[in-house]
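Start from the sequences and build out the full structure, keeping to the hints where you can.
There are 4 protein chains.
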Amino acid sequence: MTGKKLQIGIIGAGRIGKVHAETLAFRLPEAEPVAIADVNRDAAKEVAKRNGIARVAADSADICSDASIDAVLICSPTDTHAELVMQAARAGKHIFCEKPIDHSLGKIDRALQEVKKAGVKFQVGFNRRFDVNFARVRAAVIQGEIGIPQLMHIVSRDPAPPPISYIKISGGIFLDMTIHDFDMARFLIGDEVESIYAAGGVRVDPEIGKAGDLDTALVVLQFKNGVIATIDNSRKAVYGYDQRVEILGSKGAIATENCYPNQAIVSTATNIQRDLPLNFFVDRYTNSFISELRAFVDAVTHDRPVAVGGIDGRIAVVMGLAARKSFEERRPVLLQEVAQSAPQLA
Amino acid sequence: MTGKKLQIGIIGAGRIGKVHAETLAFRLPEAEPVAIADVNRDAAKEVAKRNGIARVAADSADICSDASIDAVLICSPTDTHAELVMQAARAGKHIFCEKPIDHSLGKIDRALQEVKKAGVKFQVGFNRRFDVNFARVRAAVIQGEIGIPQLMHIVSRDPAPPPISYIKISGGIFLDMTIHDFDMARFLIGDEVESIYAAGGVRVDPEIGKAGDLDTALVVLQFKNGVIATIDNSRKAVYGYDQRVEILGSKGAIATENCYPNQAIVSTATNIQRDLPLNFFVDRYTNSFISELRAFVDAVTHDRPVAVGGIDGRIAVVMGLAARKSFEERRPVLLQEVAQSAPQLA
Amino acid sequence: MTGKKLQIGIIGAGRIGKVHAETLAFRLPEAEPVAIADVNRDAAKEVAKRNGIARVAADSADICSDASIDAVLICSPTDTHAELVMQAARAGKHIFCEKPIDHSLGKIDRALQEVKKAGVKFQVGFNRRFDVNFARVRAAVIQGEIGIPQLMHIVSRDPAPPPISYIKISGGIFLDMTIHDFDMARFLIGDEVESIYAAGGVRVDPEIGKAGDLDTALVVLQFKNGVIATIDNSRKAVYGYDQRVEILGSKGAIATENCYPNQAIVSTATNIQRDLPLNFFVDRYTNSFISELRAFVDAVTHDRPVAVGGIDGRIAVVMGLAARKSFEERRPVLLQEVAQSAPQLA
Amino acid sequence: MTGKKLQIGIIGAGRIGKVHAETLAFRLPEAEPVAIADVNRDAAKEVAKRNGIARVAADSADICSDASIDAVLICSPTDTHAELVMQAARAGKHIFCEKPIDHSLGKIDRALQEVKKAGVKFQVGFNRRFDVNFARVRAAVIQGEIGIPQLMHIVSRDPAPPPISYIKISGGIFLDMTIHDFDMARFLIGDEVESIYAAGGVRVDPEIGKAGDLDTALVVLQFKNGVIATIDNSRKAVYGYDQRVEILGSKGAIATENCYPNQAIVSTATNIQRDLPLNFFVDRYTNSFISELRAFVDAVTHDRPVAVGGIDGRIAVVMGLAARKSFEERRPVLLQEVAQSAPQLA
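Residue numbers (our numbering), protein chains in the order written: chain A, 1 to 346; chain B, 1 to 346; chain C, 1 to 346; chain D, 1 to 346.
Hints may contain errors.
The list cannot tell twin chains apart, which means a pair is met if one copy fits it or any two copies do.
Cross-link-like lysine-lysine pairs, in silico, DSS-like; alpha carbons within 25 Å at most [said to hold, decoys possible]: (1) K18 x K224; (2) K251 x K236; (3) K210 x K236; (4) K325 x K224; (5) K4 x K49; (6) K236 x K224; (7) K117 x K251; (8) K224 x K210; (9) K4 x K18; (10) K5 x K49; (11) K18 x K5; (12) K210 x K251; (13) K236 x K325; (14) K325 x K4; (15) K45 x K5; (16) K168 x K210.
Just so you know, the hints here were simulated from the structure itself, not pulled from any lab data.
Now the structure itself:
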């Protein structure tokens, strides 16, 4: 494949599809977005135009049957992911799939088995692993800068809740929001979680409660290696997007601060202040979206293992299900209670 | 009592007794330490000499029977507290008692009933409430600066574990260390805890485990008003004494940083660095020890309610017992499971 | 010009030429780099290839005579700037010229008069004005956040000196390094400087002294509006690229911190540390290079005034000459002593 | 003198006299304030009462003739210092004298010669040398943490100007305010200044200008060892007392931040903020006032050299005079132009 740009088809022209299209068009010389499909054809057209994508495909089948396409990005709504993964895998396309793969472990497993059978690359869109801050924390753990990890605290708060319409189909806070933190926890510690205890409540908006979801949650993860981690989630931090992590180890600790639009400090007669942190996930994680696609393109182009595999996507969902069960039953839940049927995946 | 310094007897000339003796001698013009007793008479003599305390008493009875003494500070080992509280109360002395009052709720209740009967003032030594940082957080909550509290995270880590000999009699991490954080949690939120979930392990020193204790713990508090709080404890943070808190509320968040011996930042060819935080609790909490005694002296002198009462001392112990039970039974424990027999206290 | 991308020719394929070529190719949809020339033809070829530039031109004349080209970027060595500006102006091309325009006021004035005559746009490459931090400071001044400015302190230190060969032809620290800070000072305060006092020495490398230059300098600017500013320059700060500014005003102060590759803080048994700041000007000022070209393209496309004009380029050189004179004569020098012959420029 | 507390007489019961009286009474077990005098006898009485000082003396002569007194603190107005120093020296008392010794070099020299003749200890009240932050910077320089110093920047701004009545007799900004920074500069670098260039203006209050003084100043110090330092002074920083220093050296840099009443950070919907820094010099420098008296008491008690001698007091005044001359003549002034007659002092 050397010497030729990786030809990529994009399925889904929504918020994240746009981000990836722009990355492929302007930031990754090694890849080229060549087709895009969306049930909203106008949306696909607009993204195509903005990013010089040659073809607006009729649908995902149109993309999967295009022999010139090497790989597909699945950026459509969650409930279509598993089906599209299978369709793409059968067509022999390498796959980058947004998180979560699905809310049903059965559907995830069927999709991943199809991927395994096809022998294609499969990467899940846990972009935060590629953020420079979290990558720095992971490096500190690997290099032993802080010794053996003991306690971890992840803060992950959104500036504002999504629309209630989204909350109704999102699978709940643990599957649509905490899922990123579940993956982050495993990534940073480099080990598997044994049990989960989840507390939570509706503190931000009663409508979220009526929709059957929580908006405030605190999750405790017990890792097999003994690390105890907490995840602190809120759907609304008025000061903006709050994304931090802190690990205590036997030789020290590492903690990350939020990212800011500038480094200016203003001193007034009232207080010492700075501007609010970057508020939107696209701004906060700009470079991580580029890095994750670069990693995917590299894995495909040079036939290397992907950075975030199907099993990572599955485990994060298992954790989400365990957290929900823990919250409902008010007790710690072992992951194996939820995930007993995990299939053999490469 | 106006115009006359409050005459104070000190029982116990150990580490904390010394701190209080010096405070009374040099920092609180309104009070005067007039007698001190300790089973180690030489220790008492030395503290007396350093601080100009006129009399080294034979024992606590000697102090309690001294009609010139208005109030006593109980700074002896925990297992003597309850007995001494009763002795002092019967003698009509106002009482400042170090934490915890006792490990047994029965003994605590008997002591507090004696206090109630005697009508004397009784303050428990939760000095951290008087720390400027935590006081600032409490003020933010009270003044509504951050709106309605939703999530809280308390970090409380010691620079090094106490001797194993102490750990064997300390009552365990939840009663000797987390107890401060239990009180802090109630103080900052201004509400009562309903249930506790505790996870933990032995990660610092296996000897601590052999002594039947933990050295690393993560406690989740569910408040009646819906706040969810975590307490992150370690007996050993190599970088020093780590004492922080963070609260998310509906209108904002407040977080405190550690205290440092200086504000200097050194930039080298390797990194940007600063000196380690204040390492010893006496240095970190210097002013809080002064402020808590000032508050006690004020309460006695002007017949005002004490800032930290007997019930606060009792509840912190209930929380410690609930945390231990939760850890052992691997489930959240309601405080009422442990504290059902709580007596009526003023 | 609407609907068509601005067609740009690049003269110079060195360090800064590469930066601009990449910006035009991948970051600015409104512009297109269509030709590049360099005396080192291989360098030009490589930049052309990496950035999809269609044509490697023979020389600047080849570019200036290309009727399809709307604007040129002059990224060649300083001593060629003035000549190229005149060549491009005569050809009716809009011009973006790297700083400094020249070291000779006479040559600058002749070049700018040619620009004026041609009626083309002319922007000087003071990219730092477009940095988010300094832009935030400027906004604070304009919006009155800090009231009326009184004192300013600019820190501008390089991580390492340039090669001695460069220093010999650079025009000296005041013209090759401080020149950026001279422009920054004018930009932030929004007023003109009346006099300059410069102190300095050779503290980093005696070879720099032998080459007739300084490596450490402290410059005091007296503005007409009364602001007093200092510029603190060093050719070598071992901890990296140090670029900060601080302004005190009647209602407050604003200060910017450096930019870091990540927001992680590591606590060890030795100290609390973070990684070094971004070390290379291309990393530190990445976005400012994009923004300045966007501003240039906008100015040309929509026929608006440029953000940094020829007069700004001239004044910065006047200030550099005044600083050198001050250093040599050990006295404050009025700008009019140096710049008396300033021509009328639009 | 071992075993006996150093007996101290205080001359002056104003603002700084009160601070020292309290320090001697409550913070320094090795010393005892035994007498105090002030032209305002009621002020002296009150300070005596608050601090348990046995005797209110009639005047300075009364104190100097008291054979039981070992040392005197001169805390009266500046114009009385020199006379009182001579009186105390002749009486054989060790002397701690507030800054400045006098505004006249002639009077300073006569006073210091009397001190020399008497062979008594003489310490000048440059308390900031004892501040933990500046002491940390000095330690970094001495220990070579930052290599050889090259550039220094001192920020020293008051929260509000003193009364105009004080400004009229203060000797001007360079002698009443910058004088602290002149001493700080010499202390931190550990070398002498060769020349001074001072710029400044009236930016805060025109009344200050009418009184013949400046309220905003920028001073450049050229040290003999090549270090170039700037001092940035304002009589009014609305955000509070701003006291910082930053040194660049060949191996790194060190910078100090201001001191704050607490370490709390509040995040709101508007910004991220913290409370203003400590606003009052007594709060900011509390510990330095204790440390400087401890150092004085130690020097006297153990017959060691004082930390800040008469020559330090003299040089700071020379620098103040040179700064004024530089400002008036708009040129750098060599210290020897002003200080040529410096006498031989131990």
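Going down the list of hints, with the structure as the test:
Taking the closest pair of Cα atoms, K18 and K224 never come within 25 Å of each other, the shortest separation being 39 Å inside a single copy and 44 Å across copies. Taking identical chains as interchangeable, the C-alpha atoms of K251 and K236 lie at most 25 Å apart only when they sit on different chains, with a minimum of 10 Å there against 34 Å within one chain. Proximity of K210 to K236 under the C-alpha cut-off of 25 Å is restricted to the intra-copy arrangement: shortest distance 17 Å within a copy versus 44 Å between copies. Taking the closest pair of Cα atoms, K325 and K224 come within 25 Å of each other both inside a single copy (20 Å) and across two copies (22 Å).
Taking identical chains as interchangeable, the C-alpha atoms of K4 and K49 lie at most 25 Å apart whether they share a chain (23 Å) or sit on different chains (15 Å). For the homomeric pair K236 and K224, the shortest alpha-carbon distance between copies (21 Å) is at most 25 Å, but the shortest distance inside one copy (32 Å) is not. Proximity of K117 and K251 under a CA criterion of 25 Å is satisfied in neither setting, with 44 Å inside one chain copy and 52 Å between copies. For the homomeric pair K224 and K210, the shortest alpha-carbon distance between copies (21 Å) is at most 25 Å, but the shortest distance inside one copy (36 Å) is not.
For the identical chains of this complex, K4 and K18 are neighbours both inside a copy (24 Å) and across copies (23 Å), given an alpha-carbon limit of 25 Å. Taking CA atoms no more than 25 Å apart as the test, K5 paired with K49 passes in both settings, with 20 Å inside one copy and 15 Å between copies. Taking the closest pair of Cα atoms, K18 and K5 come within 25 Å of each other both inside a single copy (20 Å) and across two copies (22 Å). Taking identical chains as interchangeable, the C-alpha atoms of K210 and K251 lie at most 25 Å apart only when they sit on different chains, with a minimum of 22 Å there against 46 Å within one chain.
For the identical chains of this complex, K236 and K325 are intra-copy neighbours only, at 23 Å inside a copy versus 34 Å across copies, given an alpha-carbon limit of 25 Å. Neither within a single protomer nor between protomers do K325 and K4 lie at most 25 Å apart by alpha-carbon distance, with minima of 48 Å and 58 Å respectively. For the identical chains of this complex, K45 and K5 are neighbours both inside a copy (22 Å) and across copies (20 Å), given an alpha-carbon limit of 25 Å. In this homomeric assembly, K168 and K210 come within 25 Å of each other (Cα to Cα) only inside a single copy, at 10 Å, whereas the closest approach across copies is 50 Å.
The earlier numbered hints that this structure contradicts are 1, 7 and 14.
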